Amino acid sequence: MLRRYEYRRRLPHYQPDFKIFFITFCTYQRWELPGGARQIVLDVFLRGDGKLFELLALVVMPDHVHVALNPLGHMDGQVSLPEILQAIKSTSSHRINKELGHRGTVWQQESFDRGLRQEEQLGDKIEYMLLNPVRAGLVRDPMAYRWMWRKTQGWGEIALSGSSGSEG
175 MLRRYEYRRR
185 LPHYQPDFKI
195 FFITFCTYQR
205 WELPGGARQI
215 VLDVFLRGDG
225 KLFELLALVV
235 MPDHVHVALN
245 PLGHMDGQVS
255 LPEILQAIKS
265 TSSHRINKEL
275 GHRGTVWQQE
285 SFDRGLRQEE
295 QLGDKIEYML
305 LNPVRAGLVR
315 DPMAYRWMWR
325 KTQGWGEIAL
335 SGSSGSEG
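Take 175 as the starting number for the sequence shown in our numbering and just add one per residue.
I should point out that these hints are in silico values taken from the structure, not numbers from a laboratory.
Wrong hints could be hidden among the right ones.
Straight line, CA to CA, 30 Å or less: simulated DSSO-like cross-link-like pairs of lysine-lysine [what the hints assert, rightly or not]:
{"id": "1", "residue 1": "K193", "residue 2": "K225"}
{"id": "2", "residue 1": "K193", "residue 2": "K325"}
{"id": "3", "residue 1": "K263", "residue 2": "K225"}
{"id": "4", "residue 1": "K193", "residue 2": "K272"}
Please read all numbers here as calculations on a predicted model, not as lab measurements.
Could you build all of it, start to finish, from the sequences and the hints given here?
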């Protein structure tokens, strides 16, 4: 079943049931998250794994987040992407503001999501996420980046041997 989530945003969002999604969202006005804030975001995703979604891969960059996840089902169907993003953004915003003494908005309202059709696409997206800190000049070795997580070692190895990602 294909559901469209329309809410007061510029981009329409469609969510086919039981599909893996690649999602990107950015900080408000491209605010650069310090290391402590990036760790908070990573922790919030890891705590949410298995509750609303299955976390497959994640990279928290200084001003944006890339995540591959599979929304979990419940009695009414699959958990919606807006529910997941609301939970992640709200929880991480409150913790960041509290722990860092920051006031105000942390995340942009919009996000970009793409349903992945095949396992190869997942490998491409994971490769893209792994190499994102390298392309940004933050590290030379993707495994040296502290705010990255993937479900299994094998996926990263598959992703690194696959085709190169071309997204920005």
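Do the hints match the structure? See the list:
Among the hinted pairs, K193 with K225 is consistent with the structure: their alpha-carbon atoms are about 16 Å apart, no more than 30 Å. Taking the CA atoms of K193 and K325, the gap is near 17 Å; set against the 30 Å cutoff, the hint holds. For a cut-off of 30 Å, the pair hint linking K263 to K225 stands: about 15 Å separates their Cα positions. Proximity of K193 to K272 is assessed by CA-CA distance (about 34 Å); at most 30 Å being required, the pair is judged violated.
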